[in-house]
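Novice: One letter stands for each residue in the lines below.
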Amino acid sequence: MSIAISLDNFDGPLDLLLHLIKTNEMDISDIQMVEITAQYLAIIDQMKQLNLDVAGEFLLMAATLIHIKSRMLLPVIEEFDADEEELDPRAELVRRLLEYQRYKDAANRLDLLPCLKRDVFLRQFVEPDNDAVGTEDDVNVGIYQLAAAFHQLLKQTKIDFVHEVVREQLSVADFVHKILDQLNRCGQQSFSDLFLSSGSRQEMVVTFLAMLELVKMRMIKISQSVEFQPIWLSLAVSSAALGPECLDEGALGYG
Amino acid sequence: MDERCRAIAALIFAAGSPLSLDRLCQLFDCSRSDLRPVISQLQEFYPLKQGGFYLAEIAGGYQFRTDPDLSPWLVLLSRERPFRFSQAALETLAMIAYRQPVTRGEIEYLRGVDSGGVLKTLLDKGFLRILGKKDVPGRPLMYGTSRHFLEFFGLKDLSALPTLKEFSALDPALDPLLDSGSGQIESEKNLSAQQSADEIETLIE
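If you read the sequences in order, they're chains A and B.
The opening position of the first sequence corresponds to residue 11 in this note's numbering, with each subsequent residue numbered one higher.
The opening position of the second sequence corresponds to residue 93 in this note's numbering, with each subsequent residue numbered one higher.
Simulated from the structure, these hints should not be mistaken for laboratory data.
Certain hints may be false.
As the list claims (entries may be wrong) - List time: in silico EDC-like cross-link candidates among lysine to aspartate or glutamate, alpha-carbon distance up to 20 Å: (1) K217/B <-> E243/B; (2) K127/A <-> E172/B; (3) K257/B <-> E109/A.
Next up, chain A with everything else stripped away, as it sits in the complex:
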């Protein structure tokens, strides 16, 4: 039986295995390991002959199949772990295949839902040209967006190659106060402006840490009117509630 299959069509070894079981019309709970292993290895071999790189995952599955096949050839010793362990060496594989099949099916059904800009369209909304903050519809900024924005800034700053080792003592608490002061004065501030005064990479990092601390303490709010627009910081508590006594290095855990 010749098998003309390209691995590119498969999303992974589980996908390929499911395909083989289906084309052979096998019962998934009673996989004929000899047959399936032989066919699977034939496909991998074919790929190698075509000088294609076979991804490690496919090789790992080949090893798993051979391992299961060999375990099935060995006689089962009844006395040992008769009911504790799964008796059928294929059980784990079957479970994974069924689970995988479930999500593959779910993926297909997701694709059938009316998707934006494919099946369903919205009015082209032209954003009014202001960066007002504080509306309820603001997109919530997640940690991933914050980290990505910070990474972008770090990339923009040039690194000074000066070989003078000075131990700088930057305090997160100091920067926490600095941010609070700035916000107190201006009401709101954009994420990138926060780093304008930072001279060094360390200062930027400490500023970022201080900002995260403030978010954690729910003292500032971070928002964005539309994705990819500037990220804005504003106070989440009234300025009167900001006693300097509540914050020191020790309380922040950096002491």
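Given the coordinates of chain A, work out where chain B should sit on it, guided by the hints.
Specialist: Showing chain B alone in chain A's frame:
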């Protein structure tokens, strides 16, 4: 329709993203129970397949959307090619949608392949959110779906996802294992602490 009713319709029409009931209550200074009948009145007024667009309930809010069966015409208007998911991206998204919060290790065990690239793409496109770190060795990141995910697929919330179909072509005695066992899976243990720390960085690079 009274003026408030018309105003709500106009607001939903003019808003850039789905307007939630809470937001409307705030704007009109009234309670949810006041506005619910107004919303259902509007939904009756703007049903599917009547006027070309309908009032949809999306991501906990309300929004006007075009009727899905009209897409062949709408595609003519839009200059960008419709966004298509790869099979790998859809599969990964489905796993995250149904199992969130879920770690990269769990996804890779389920799929049997490395999923870092797919995860990064989904994060960049805004379909995913990082929900925190799992309290297991290595503290891997936990992923879930975002609000944009709901808007994209036109879902009112996560419970509106199509139900997961059980494939029980195997011994029913094994079935419970399908749901329980995989939570704390072995591949998890292989995730070293360093790997997890690197995870967010490699995703951003």
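Novice: Which earlier hints can't be squared with this structure?
Specialist: none
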